[in-house]
Amino acid sequence: MGLTFSEKVLSRKAGRPVRAGEVITVAPDYYLSHDNSSAIIGEFKKLGLKKVVAPGKIVIVLDHIVPAADEKYAQNHKVIREFVAEQGIPNFYDIHAGVCHQVFSEASFALPGRVIMGSDSHTTTYGAFGAFSAGIGRTEMASLWATDEIWLRVPETLRIELSGRLPHGVYSKDVILKIIGDNGADRANYEAVEFAGPAAADLSLASRMVLTNMAAEMGAKNGYFAPDDKTLDWLKARAKGDYEIVRSDPDANYEAVLKYDVSGLEPQIACPHTVDNVKPVTAVAGKPFHQALIGTCTNGRLEDLEVAARILKGKKIHPRVRTLVLPASREVYLDALKKGLIEIFLEAGCVILNPGCGPCLGAHEGILAPGEVVVGTSNRNFKGRMGGRDSEIYLASPATVAASALEGKITDPRTYL
Amino acid sequence: MDKDIRQGRAVVLLNEHGKIIEDIDTDQIFHNAHLHITDIAQMGPYAFGNLEGWKDFPKNCGEGDILIAGRNFGAGSSRQQAVDCFTALKVGAIFAPSFSAIYFRNAVNSGFPVLKIHDLEALIAGKGIVTDDVIRFDVRSGRAENVTRGTAFKIEPMSPVQHDIFVAGDLFKYGKRIK
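Going down the list, the sequences are from chains A and B. In this text, residue positions in the first sequence follow our numbering: the first is 1, and each later residue adds one. In this text, residue positions in the second sequence follow our numbering: the first is 1001, and each later residue adds one.
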């Protein structure tokens, strides 16, 4: 019996062949943290150590509440900047850079075969580049800084084979929402999710990142796409250091294989208050709402903004709707600016937010009042996440959100494309 | 040895219809608005602050209480406050049919007992566990006993790594021990 991607990567790291279910200790290649670095620093200091073991492996991106929304956040940022200087941490991205997952990918720390730990649940994103990447908590991150070691349970793998061609107006967001809706928010708990098949290969890297990002919303430990020519093209211009392409063996042992033909898929939407409460957009079309959010680490890349701009070009946002555009990074923002997309958004009546996590996590920049409804392209719709406890969050593709923003009610985007 | 056997009062997390609450996510456990808090001692009052019907939980819970929740407890963010708020309140354990992966790891690394419970639906439906029942359990063997009712049920024993960290106290103390 062959090995899965995760078994292979972790075998290399462990220095011996390992199988799903085993617990091993490994030294990851990189460890990522964001604004929660201030809490990690607090934990690290409790250990009584002066220096982190491997400063070159630490990547810190300030993104959650940037620029600082109040004095408490400002103080946390200050603590982080001082620690970075004192420890000589080379890979620090201050408030200008964008959401950690996009920044980390653009800076090409996300490389095939690498093992990456991040103190953020959407660290699963880097599987789009063929890396093994998983989210951890604050204590573990402090422990990594102190020891460069972490215990991991080698995950079982759920393989999802995608075939067919995406219909007009249907995107990778619709694919992952459909999968989560069908299988449940805990279907892949503790597991690796491997996306494969011809329709997976057809996806751009940006679209693949939507799937691996949201693998976290089905409970996955990590997501994975086998690297191909598209991956290598992306890496050619960017890769920092060497990497090794690791693929699952053809006879690897999977926990299960799910098959999806995407040809018949319609636009999907996750309804309040769980990500697996998914319906076709047509089932909730006409529902009025107050705020639209286009962007985030899930759908804030250039291709996402292009689709939204195509729909919004020359039109005006519905007067009852506030529309926020949140590019995933400064690089995306610049590209969108050069392509004239920002002008289209501004003329349509959108508010452009600085790259970062913004309102997605409900801490600042577009908090909802009780009873308000948001339709966004982000990845979570937990009750009260974006503000008032009784507010509602719907999740959909950038096309669906843009079309809905024009109409002031949830709208099937296919008529606009 | 003694550390393996624990006892506490059951708190069954039911909704207004008397159903066990599933998918209790990290925003319901410890809302984003309080993420600037980094001192564990201050986290207790925010536990379940965003969980419908359970906002008074921090006032009503007692030391050693055993929370019984539905599947996929702790879904969502990697925030450790969602575990720490319970340790701050001296909650004794959480039993659920399943936990989100990161939540589970965070709890394991904090030395906080999170244990998978078997056949929860039948237990709840048959009134095999009701809030205020006294529960005694063994994290090593998976034996659990409803002392109030004189009945037994099963939890999944801690895995070796979970148990080692639990016995050591937390991940840091465990790390010191293996060095």
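None of these hints come from the bench; they were simulated from the model. Some hints could be false.
Simulated DEER-style distance windows between Cβ atoms [to be verified]:
id, chain 1, residue 1, chain 2, residue 2, range
1, A, Lys45, B, Arg1140, 29 to 35 angstroms
2, A, Gly21, B, Asp1039, 35 to 41 angstroms
3, A, Asp94, B, Gly1128, 34 to 40 angstroms
4, A, Asp228, B, Glu1145, 53 to 59 angstroms
Pairs of lysine-lysine residues, derived as BS3-like cross-links and limited to a Cα-Cα distance of at most 27 angstroms, are as follows [to be verified]:
id, chain 1, residue 1, chain 2, residue 2
5, B, Lys1059, B, Lys1090
6, A, Lys279, B, Lys1127
7, A, Lys338, A, Lys315
8, B, Lys1055, A, Lys72
9, A, Lys259, A, Lys240
10, B, Lys1127, A, Lys45
11, B, Lys1090, A, Lys46
12, B, Lys1127, B, Lys1116
13, B, Lys1116, A, Lys45
14, A, Lys46, B, Lys1003
15, B, Lys1127, B, Lys1090
So the derived list for chain B, only partly shown, Cβ under 10 angstroms to chain A, looks like this [what the hints assert, rightly or not]:
id, residue
16, Ala1101
17, Ser1110
18, His1118
19, Thr1131
20, Asn1146
21, Ile1155
22, Ser1159
23, Ile1165
24, Asp1170
25, Phe1172
Ideal placement from N, C-alpha and C gives every residue a C-beta, glycine not left out.
These are the hints, each one checked on the structure:
1. Taken as a hint, the range 29 to 35 angstroms holds for the pair lysine 45(A) and arginine 1140(B), whose Cβ atoms sit roughly 34 angstroms apart.
2. As the Cβ distance of glycine 21(A) to aspartate 1039(B) is approximately 37 angstroms, the hint placing it in 35 to 41 angstroms holds.
3. Between aspartate 94(A) and glycine 1128(B) the Cβ separation comes to about 55 angstroms, which falls outside the hinted range of 34 to 40 angstroms.
4. The given range of 53 to 59 angstroms is respected by aspartate 228(A) and glutamate 1145(B), whose C-beta atoms sit roughly 55 angstroms from each other.
5. The suggested pairing of lysine 1059(B) with lysine 1090(B) holds, with an alpha-carbon distance near 12 angstroms, which does not exceed 27 angstroms.
6. Taken as a hint, the lysine 279(A) and lysine 1127(B) pair is broken in the structure, with Cα atoms around 35 angstroms apart against an allowance of 27 angstroms.
7. Distance check on the hinted pair: lysine 338(A) and lysine 315(A) sit about 20 angstroms apart at the alpha-carbon level, within 27 angstroms; holds.
8. For the proposed pair lysine 1055(B) and lysine 72(A), the alpha carbon gap of about 24 angstroms is at most 27 angstroms, so the pair holds.
9. Taken as a hint, the lysine 259(A) and lysine 240(A) pair is broken in the structure, with Cα atoms around 35 angstroms apart against an allowance of 27 angstroms.
10. About 47 angstroms separates the Cα atoms of lysine 1127(B) and lysine 45(A), which puts this hinted pair outside 27 angstroms; it is violated.
11. Pair hint lysine 1090(B) plus lysine 46(A) holds up; C-alpha atoms about 21 angstroms apart against a cutoff of 27 angstroms.
12. Straight-line distance between C-alpha atoms of lysine 1127(B) and lysine 1116(B) comes to about 19 angstroms, which keeps the hinted pair within the 27 angstroms bound.
13. Distance hint between lysine 1116(B) and lysine 45(A) is unfulfilled; the C-alpha atoms sit about 33 angstroms from each other, more than 27 angstroms.
14. Note on lysine 46(A) and lysine 1003(B): the hinted pairing holds, with a Cα-Cα distance of about 25 angstroms set against a maximum of 27 angstroms.
15. Between lysine 1127(B) and lysine 1090(B) the CA atoms are separated by roughly 26 angstroms; this keeps the pair inside 27 angstroms, and the hint holds.
16. Hint status for alanine 1101(B) relative to chain A: holds, with the closest Cβ pair at about 5 angstroms, below 10 angstroms.
17. The interface hint given for serine 1110(B) holds, since its Cβ lies 6 angstroms from the closest Cβ of chain A, which is under the 10 angstroms cut-off.
18. The interface hint given for histidine 1118(B) is broken, as the beta carbon of that residue sits about 16 angstroms from the closest beta carbon of chain A, more than 10 angstroms.
19. For the restraint placing threonine 1131(B) at the interface with chain A, the shortest Cβ-Cβ distance is roughly 23 angstroms, beyond the 10 angstroms limit, so the hint is violated.
20. At a threshold of 10 angstroms, the smallest CB-CB gap from asparagine 1146(B) to chain A is about 26 angstroms, leaving the interface hint violated.
21. The closest approach between the C-beta of isoleucine 1155(B) and any C-beta of chain A is roughly 17 angstroms, which is over the 10 angstroms cut-off, so the hint fails.
22. The interface hint given for serine 1159(B) is met, as the beta carbon of that residue sits about 7 angstroms from the closest beta carbon of chain A, less than 10 angstroms.
23. Contact between isoleucine 1165(B) and chain A, as hinted, is supported at the beta carbon level, the nearest pair being about 9 angstroms apart and thus within 10 angstroms.
24. The beta carbon of aspartate 1170(B) is positioned within 10 angstroms of a beta carbon in chain A (closest approach about 7 angstroms), and the interface hint is therefore held.
25. Annotation: phenylalanine 1172(B) was flagged as interfacial toward chain A, and the flag holds, the nearest CB pair being 6 angstroms apart, inside 10 angstroms.
Against the hints set out earlier in the document, violations occur for numbers 3, 6, 9, 10, 13, 18, 19, 20, 21.
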